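Novice: Please arrange chains H and C with the ligands on chain E, whose structure you already have, making use of the hints.
Here's the letter readout for the chains.
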Amino acid sequence: MSIWKRAIPPGETVTIHVNGQTVTATPDETVATVLLRLGTRSFGINPASGYPQAPACLMGVCFGCLCRIDGRPGTQACLEQVRDGMVVETGGLRVS
Amino acid sequence: MTDDTCDVIVIGAGPAGLAAAQSVADQGLSVRLIDEQPTAGGQIWRNAAVVTRRGGPLAKSYGGAVAALSVLRNDHVKHATSATVLEVALSQTSDTARDPPVCVTWLSATQDARGVRETAARALIVATGAMERPVLFPGATLPGVMGIGAVQSVLKQSGLVPTGDGVVLAGQGPLLMLTLGQILAHGGSVAAVLDFGQSGRVARTTSGLFPALLSDPAIMAQGAALLWRARRSGVAWHRGVTGLRAIGKDGIEQIAFETGGKTMQLTCSLLAVHDGVIPNTQLTRLLALDHVWSNAQQAFAARSTPEGATSAPSVWVAGDGAGIAGAEVARLRGALSGLDVARALGALGDPEFRTRADPLKRHISRRGPARAFVDKLYAPLPVTAFSKDNAAASTVVCRCEAVTLARVHDAIRDGATGPNRVKTFTRCGMGACQGRMCGNALTRIVAAATRSAPQDAGALRIRPPLKPTLISDYLDLSPTHDPLS
Amino acid sequence: MTPDRHDLAVIGAGLMGLSVALEARTRGMSVVILEAETCARHASSASAGGVRSLNRHPAEIALTRAALPLWEGLAYRLGRDCGFRRSGQIRVAEDAEAMQALEDRATAIAALGFDHERLVTRDELKARIPAIADHCLGALVVDDDGFADPLATAHAWRHANARAGVLIREHTRVMSLERSTAGLRLATAAGPIEAGCVVNTAGAWGDRIAGFAGDGMPVRTAALQMIVTARMPAFVDPVVGSQGRKLSLKQTAAGSVVIGGAYKGDVREGPDGPLRGVPRAGRAASNLANAVSLFPALRAARVTRIWAGLEGMTPDGLPYLGQSRTMPGLFHAFGFSAHGFALAPLIGPLMADLLEGKRNNHAIAPFAPGRFDSVGSV
Ligand SMILES: Cc1cc2nc3c(=O)[nH]c(=O)nc-3n(C[C@H](O)[C@H](O)[C@H](O)COP(=O)(O)OP(=O)(O)OC[C@H]3O[C@@H](n4cnc5c(N)ncnc54)[C@H](O)[C@@H]3O)c2cc1C
Ligand code: FES
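Chains as they are written, first to last, in our numbering: chain E, 1 to 96; chain H, 1001 to 1485; chain C, 2001 to 2378.
Accuracy of the hints is not assured; some may be wrong.
[To be verified] Here are some chain E residues the structure puts well away from chain C; computed CB gaps all over 10 Å:
| # | residue |
| --- | --- |
| 1 | Pro10 |
| 2 | Val23 |
| 3 | Thr26 |
| 4 | Ser42 |
| 5 | Ala48 |
| 6 | Tyr51 |
| 7 | Leu79 |
[What the hints assert, rightly or not] A few chain H residues that face chain C, going by a derived Cβ cut-off under 8 Å, partial list only:
| # | residue |
| --- | --- |
| 8 | Thr1424 |
| 9 | Arg1463 |
| 10 | Tyr1474 |
The set of hints was computed from the structure by calculation and includes no laboratory data.
These figures come from a predicted structure and were not determined experimentally.
Using N, Cα and C, we set each Cβ at its ideal position, and we do this for glycine too.
Bound-form chain E, shown alone (with noise of 0.2 Å):
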């Protein structure tokens, strides 16, 4: 369950794929904050202690908030505005 909630209706809406589910969002929502109001605690495993990572800065520098989307691994949610058909997979850095 996710503690976030929208403070402000949502207008438009497009469709994405996150892990393979349909999600609806927001053009204004970037994919960090689909993934937080989806209630998404790990982002992905950081390499290099074993343990989950999350988004701690929303502003693109701490990369806890690194997902795969499009295909490609790495990549900063916080920065990632939605767009539809957009296709996101957590769980952190991974070779194709």
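Specialist: Just chains H and C with the ligands now, kept in the frame of chain E:
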């Protein structure tokens, strides 16, 4: 790959960058404005177009945004969004009109135009703004621990607020109180505030209060109102807190802390922490510019003249990236640096430069005492202030490479006398964030442990690319293309 | 000021200087190392860390083969891990022409009496490195080559020197060199120093030191680029190169892929000679294209850091090893031309033998300091 040339490249589209672009374009020079965010506005005016159109409580903090953003419609300005700088090459050339001395290699990551570009220019203005100062305590890397500014960004970007009875804000500074107010105003909830501010500091700072009031009455009034509203918000307010720790398995579940000689434990679903903001020096370090340490702000910033000129002939800095001074001063400094660049490029004569620059300089210096007051009132806490447990295995300095504070101290004892040595001993700063999250703390830790001045302890060297970059994107770059040779 | 006196002054605290100093100290000399910046600041920590005898210049093969057992024992000798692994080194052929070149090389090397380089077939190559691109036809391998961690190695050596009682003076640039009654006298940023003899291990700055003594020894400074990626799951064991392509690729214990290939960045000059290297994105792109050609999956890897380390390159790509022709007591060991790392453990004992006037089996005539003099050599 498209190659383009312009007069001036501005990196960062916050208040400083937008104002700089405006000044430059006003003199008929062409500008390429580059920002990694999907929309212009920087941190303070995040998602500005949407927020200002919608109105409401958030829009109140977007004063000036609409006017500033109008520069994007200027014919002389090309704005690249979702654009990440990979590298900047500088050459020492005497004929800057014929041989542009700056070449920025950047990745356009927009859906329809992904690819690496190179843009050459006669001057570069770096307006990359600030980041929140990362703070150290056991458990700080657990999912569910984030910056207070980060929480505010979620609200500004996407209209989300945290709810439930496990939301805790910890640290100090105006942003804590502002964000608290904004969360509550948007129907979110905050269970407790852990105030790390040092009691007694207000008294010590009052000598600067009067000049500060004169210097920027609006900001001071805003600050007082924040303080008053925060204290009356009904949120449990713990003062004199130390010994913070976040506890949980795959994410935060609880926090423990000490206050008034007691240890307290709370259930927690979101712990947001804050100890002010620091200049984001990643790009100015990449350029190997001279930097100076500010004792008041406990951070480095590129050394610059009041107009923003740096130690490199074709590079200027503006805004919070040149030292934290707040959004309004960032805007003024941006405008001023733009004028200085126009003058340097011969588009603006000296007398006219002075006519335009002098009022900006007066506005900037008038705000000095207010900034000095805030700097003193919320003087950065010592690196170890959040936690007493420095030996804890979970007190991490470098998140990406999981390097603990204890390990950093071992390295220093082992002869690592500077941040770069700690890096080579421990991998601290070698991970995905490229030293952004540990750099400031590392300088302070090394300086304290070796009893040297932070200025002498120095900072991590920053290597290209400025952000970790997919090899498939690199392959876009024509290997033979070499604009500066 | 009365100068400090030492049996030996070593100029430059890269791996070569650290290796020479430690060996000389072990043999009983009093030793000071003078370093303009900090230990291993330049080529030694910028290095790719390859310990390669594969495809070496014939004049260097015997030295690298002799260095290999020393690498094996180095962690023990220095008291710290250097990250050395006998991973093997492998040079891949991507087309028939390259395969032919490797076969020719194997024949030529065998004719010189060496048997460490061995041809492997396409199937064996694929079995060794399943991730390698399908077009590769075969390879030349040396199984007992490997790589070490340059940073760990530099720290280990610095520590061992400090423990052994070598005086390490950082931020102490040598500014001139002259003969004195007791031997040699050095002017440094921190005052004069007297030494019985001096070893010049000043890397890209070695020609300047040689110049103080009137030894003309040409060296060009190159800023050699290295690229490192974010950690990835393990996919390649040996260090991989390609015949006809500029590439060296390895995966470290941490999982990062380290990619080089002698692509050059820019050299920034300062008042005291080369200052630092500045990598260039376009050349990194060429290097990455070479890597992707062998490992297509690398397209999805992220580059986290590119650096360019300053290295001294000689006209023939071989180092200078030997005594000065103009200043007795001065010895040179520099100009390792992008492949000195592998030799580091051997350079200590080799130079210490020269200092003591001891004979050994190493054929160092090809490395004579005077070999580019128009008049001839020593
Ligand atoms: C999290 C946070 C919250 C804040 N909240 C408040 C607040 O509520 N009230 C207040 O008065 N002040 C606040 N501040 C301070 C305020 O944001 C600054 O004083 C002001 O925005 C500075 O303006 P700027 O133009 O210098 O920087 P910014 O507005 O940060 O603009 C810099 C821009 O540069 C971009 N950029 C950075 N690096 C690169 C790169 N390599 N390539 C491309 N683009 C790049 C960034 O994406 C950003 O858009 C906050 C600061 C932070 C960090
Ligand atoms: S949340 Fe910090 S980089 Fe995205």
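Novice: If a hint holds in the structure, say so; if it does not, say that too.
Specialist: Hint by hint, here is what the structure shows:
1. Listed as outside the interface, E/Pro10 is consistent with that label: its C-beta sits roughly 33 Å from the nearest C-beta of chain C, beyond the 10 Å cut-off.
2. Here E/Val23 stays apart from chain C, with its beta-carbon at least about 24 Å from theirs, past the 10 Å limit.
3. Remark: the non-interface label on E/Thr26 is consistent with the geometry, its nearest Cβ contact in chain C lying 29 Å away (cut-off 10 Å).
4. Residue-level check passed: E/Ser42 sits 18 Å from the nearest beta carbon of chain C, beyond 10 Å.
5. For E/Ala48, the shortest C-beta to C-beta distance to chain C comes to about 7 Å, within the 10 Å cut-off, and the non-interface label is violated.
6. Here E/Tyr51 stays apart from chain C, with its beta-carbon at least about 14 Å from theirs, past the 10 Å limit.
7. No Cβ of chain C comes within 10 Å of the Cβ of E/Leu79; the nearest lies about 14 Å off, and the non-interface call holds.
8. Interface restraint check: H/Thr1424 against chain C, minimum CB-CB distance 4 Å, threshold 8 Å, status holds.
9. Interface hint status for H/Arg1463: upheld, as the beta-carbon distance to the closest one in chain C is roughly 5 Å, under 8 Å.
10. With its C-beta approaching chain C no nearer than about 5 Å, H/Tyr1474 sits inside the 8 Å limit, and its interface hint holds.
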